[in-house]
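Given chain A's structure and the hints, the job is docking chain B onto it.
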Amino acid sequence: GQQVMQIPQYQHVQEGEDFTTYCNSSTTLSNIQWYKQRPGGHPVFLIQLVKSGEVKKQKRLTFQFGEAKKNSSLHITATQTTDVGTYFCAEGAQKLVFGQGTRLTINP
Amino acid sequence: ETGVTQTPRHLVMGMTNKKSLKCEQHLGHNAMYWYKQSAKKPLELMFVYSLEERVENNSVPSRFSPECPNSSHLFLHLHTLQPEDSALYLCASSQKGDYGYTFGSGTRLTVV
Chain A
-17 GQQVMQIPQY QHVQEGEDFT TYCNSSTTLS NIQWYKQRPG GHPVFLIQLV KSGEVKKQKR
43 LTFQFGEAKK NSSLHITATQ TTDVGTYFCA EGAQKLVFGQ GTRLTINP
Chain B
4 ETGVTQTPRH LVMGMTNKKS LKCEQHLGHN AMYWYKQSAK KPLELMFVYS LEERVENNSV
64 PSRFSPECPN SSHLFLHLHT LQPEDSALYL CASSQKGDYG YTFGSGTRLT VV
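As given, the protein sequences belong to chains A and B, one line each in that order.
Quick note: the first sequence uses the numbering used here, first residue -17, plus one each step.
Quick note: the second sequence uses the numbering used here, first residue 4, plus one each step.
Isolated chain A, as found in the complex (with noise of 0.2 angstroms):
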C-alpha cells in the first residue's frame, strides 16, 4: 500500500528558532494531510493538501505540497512551547495511511 516516510523522527529547538518537517513518497500522493498531536493526547487535524504546488498558512505554520505531488512539508516560524507535540502527515481518503511522525522538543 501507499507508504510515507516522515523525516526527521526527533527535533529539539530553542523557543524562537524555526522547525520544519518533511514528508516522501515514491508514488503520486493523491492528498496530504497533516495532523497535530501534543503529549498524553490524540492526534488533531490540521490542514489537507490537494493540488500541485499547493500553498496553506495557518498563522505561524506553512503547508507545501510539491509540484510533483510525492513530497510535503510543514514549517513552523519562530516556535512556541505551545507547539510541543508530534506532526504527523498522512495520505488518503477512506483509508489514511500516516507517517512515522516527527516529535519536536522545545527548550524555553
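Please keep in mind that the hints were generated in silico from the structure rather than gathered at the bench.
Please read all numbers here as calculations on a predicted model, not as lab measurements.
Each hint should be verified, as a subset may be incorrect.
Listed next, the in silico DSSO-like pairs over lysine-lysine satisfying Cα-Cα at most 30 angstroms (straight line) [what the hints assert, rightly or not]:
hint, chain 1, residue 1, chain 2, residue 2
1, B, Lys44, B, Lys25
2, A, Lys33, B, Lys99
3, B, Lys39, A, Lys77
Per the computed footprint, the stretches of chain B lying under chain A, defined by three or more beta-carbons under 8 angstroms from a beta-carbon of chain A, are [to be verified]:
hint, stretch
4, 51 to 61
5, 102 to 115
Where is the CB? At the ideal position from N, CA and C, for every residue including glycine.
Frame of chain A; chain B shown alone:
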C-alpha cells in the same frame, strides 16, 4: 471534547479476559475507524467502517473483533490478548467524501 468519545480511557486486562472498547461520535459522520498507536510503530489502521459496513480489515488478528451497530457507535471487542497488544487504541470518524479525521482521546490498554 472532540465530538468523538471513547471509553474507557484506561484499561488493564489479563490475557484471558474479555473486554470491549466503546466509541461514540456526535458529528453526524458516516465513517468510523480503529487505529492502534504503540511506541515503536506509527499509527496503524485496524478497521474501517463506512455506512456501517466494514470495508477494511487491515490483517488484524482475530482476537480483535469490531462491531458497528449504527453510524454513531463503534466497538472493539477484545479477547485472549497478548502483552504486545498493549497500546493506545484510537477511534476516529469522518464524513465520507470529505477529509480530515476527528479522533477520540483514545483508550490506553495494558495487557498483563
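Tested hints:
1. Distance restraint check for B:Lys44 and B:Lys25: the Cα-Cα separation of roughly 23 angstroms lies within the 30 angstroms cut-off, and the hinted pair is therefore satisfied.
2. For the hint pairing A:Lys33 with B:Lys99, the CA-to-CA distance comes to about 20 angstroms; that is within 30 angstroms, so the pair holds.
3. For the suggested pair B:Lys39 and A:Lys77, the alpha carbons sit about 14 angstroms apart, so the restraint of at most 30 angstroms is met.
4. Coverage of the stretch 51 to 61 of chain B by chain A holds in this model, with 4 residues showing a Cβ closer than 8 angstroms to a Cβ of that chain against a need of three.
5. Given a C-beta distance limit of less than 8 angstroms, the hint that chain A covers the stretch 102 to 115 of chain B holds, as 8 residues qualify and 3 suffice.
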